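**Q** Residue numbers (our numbering), protein chains in the order written: chain A, 1 to 101; chain B, 1 to 433.
The set of hints was computed from the structure by calculation and includes no laboratory data. Everything numeric in this text was worked out from a predicted model, so none of it was measured. Fair warning: there could be bad hints in the mix.
[Claimed, not checked] Reference excerpt, derived from the structure (chain B facing chain A, CB under 8 Å, subset only):
hint, residue
1, Leu16
2, Val23
3, Asp36
4, Glu145
5, Glu151
6, Gly159
7, Gly162
8, Arg174
9, Pro177
The beta carbon of each residue, even a glycine, is placed where N, CA and C say it ideally should be.
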Amino acid sequence: MSGVKVDPDLLRGFAGIAEGSGAAVGSCGLSEAFARVAACLPGSETAFYASAAADAVREPIRALASCYATAAAATRTAAGVYEATDDELAADLLKIEVGPE
Amino acid sequence: MIPDRSTFNTWDVAGLSGAGGEVENSVKRMKKAADDARDALSELNWEGAAAGAASSVFGDLFVESVIWESFGEDVSREIRSGARRLESAAPKIKFLVGAIESGPLYVDNQWVVMLRPVPMSRNWAKTMALTAANFQNQLNPLVKELGEADEAIATGTHGRFGRTDRVGDLPDLRRSPRDQVPDPMSEEGLAHQDQTRALAMATTVAERTESSEPGKRTVTLTMQDGSKHVYTDFDAYHRRLEHPLGGFGPTHPAPMQRVEMFDPSGKKVSSYQSWSGATRVMLLTEDGWLSVDQGSRGEILVMKDGVEVDPPPGLAEELFSHPKATVLGGAITALEEGTKLPAVSDKALQKVHVGARFAGPGLAIGMAAYDVISAAPEDKCVAAFSGISSAVGGYGLGLAGASGGPLTAAAAGVGGSWVFGYLGKKVGEMVCG
């Protein structure tokens with residue numbers, strides 16, 4: 001294992017930003033934009049394909065947003081684990097009394 | 001897809017560019033989200049195996065966002081490019097249609113410039129027909145442009161989806177909506193327009209005159225194309241008529257009605273007579289006059305140039321009491337409804353005013369013959385007859401102008417001849433072989 005350097009608070013901050021990115025991807029509006037295009041020209045070839053496009057992009061975008069959310073959740077959990085491990089180690093170490101009884 | 005007029009009227013051309021721009025805005029939001037995450041990660045003072053893994057994941061997410069951004073920008077460009085073409089054509093169409101419809105012309109749902117059903121002299125109708133053709137030539141390229149712009153957006157979008165594996169394929173191009181009107185710049189489309197206008201002019205009353213003298217009343221209906229229907233109601237008592245089934249007609253007073261139809265050059269092309277329960281229809285064919293007589297007891301005699309011929313099975317029963325003639329109502333054929341042996345109805349004729357649609361009894365005969373022939377097994381006969389009669393039938397039923405429909409076939413067969421002259425020709429061919 002290589003060297004580890006981490007600040008759990010900063011890690012949580014990053015997790016928050018990654019969550020926000022996931023939400024932004026999920027609500028980017030691409031599917032809705034294609035639906036708007038379709039609504040502009042009812043009955044047309046454009047509408048036919050734009051409607052299909054609105055459906056076709058929905059799931060890939062949801063999956064992409066889910067990747068951000070999963071990575072953010074893992075990062076947030078790790079921050080807690082790092083912090084807990086550090087606190088536990090500190091507590092354990094502080095229990096050690098050095099010197100004559 | 002070339003839209004018909006009613007579809008085009010539902011299009012929000014002005015809003016399309018904005019909607020296309022929103023496609024690009026949305027992928028830019030995806031890209032910004034990836035940028036934010038990657039920047040935040042790079043500023044984090046985080047080292048170790050997990051930090052390396054996070055860098056890899058968010059690096060991949062960034063690459064994804066670049067791919068989606070490129071995809072969205074390309075699609076958006078296709079949409080906005082087509083939108084600009086539509087934005088250019090649409091106001092020109094609206095302006096031109098407005099100009100056309102400010103006078104005695106109008107544009108139908110198939111973008112055909114037509115003459116309004118209003119009183120007009122023959123010279124005025126001729127001038128208006130030329131004006132309609134001129135406006136048509138201005139309108140056609142604009143209508144074509146609507147279809148091409150729409151197709152460009154669709155093809156471009158379809159192609160861009162096909163070049164990425166990030167989304168599923170769009171439906172096959174062959175499944176996309178077809179043109180709602182024949183291509184107005186093609187030979188077929190131009191023929192469709194000419195034929196639609198010609199049929200309407202041949203069946204729209206432009207002038208109506210009435211005259212009467214003791215024992216005789218005449219109504220002359222002049223159509224927009226100059227053809228005429230002359231209805232005469234007179235007392236057969238004053239004449240000694242040859243009966244169509246042989247022998248001589250009544251010598252006692254018997255009202256007789258007759259409708260004669262003349263083409264724009266003044267040549268008689270059909271006549272319909274009824275008296276004392278008997279009916280005679282005559283149609284001019286390329287090979288001479290065809291006459292179909294029905295006696296007062298229902299007996300049928302078909303003659304070609306005075307020689308008796310055998311009609312196809314079923315023709316005799318259908319010819320004088322065709323259901324479509326009843327569906328159409330008496331107005332367009334002037335045949336009295338609901339009778340086994342329909343006669344020209346004075347009451348029905350009274351409803352035929354200037355601007356009304358009128359095709360005379362020949363229409364009913366043509367439709368009846370068409371249906372009988374269509375039911376026969378000889379495909380050759382069906383094919384030969386499916387031209388103008390189906391067109392006239394379609395016109396009468398309000399189906400004229402359906403894309404790729406009977407009018408197209410009719411137009412291909414008619415050439416430059418007068419629309420109803422062909423009806424007579426085909427009826428003759430079918431009945432007489």
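**Q** Going through the earlier hints one by one, which of them does the structure break, listed in rising order?
**A** 4, 6, 7 and 8
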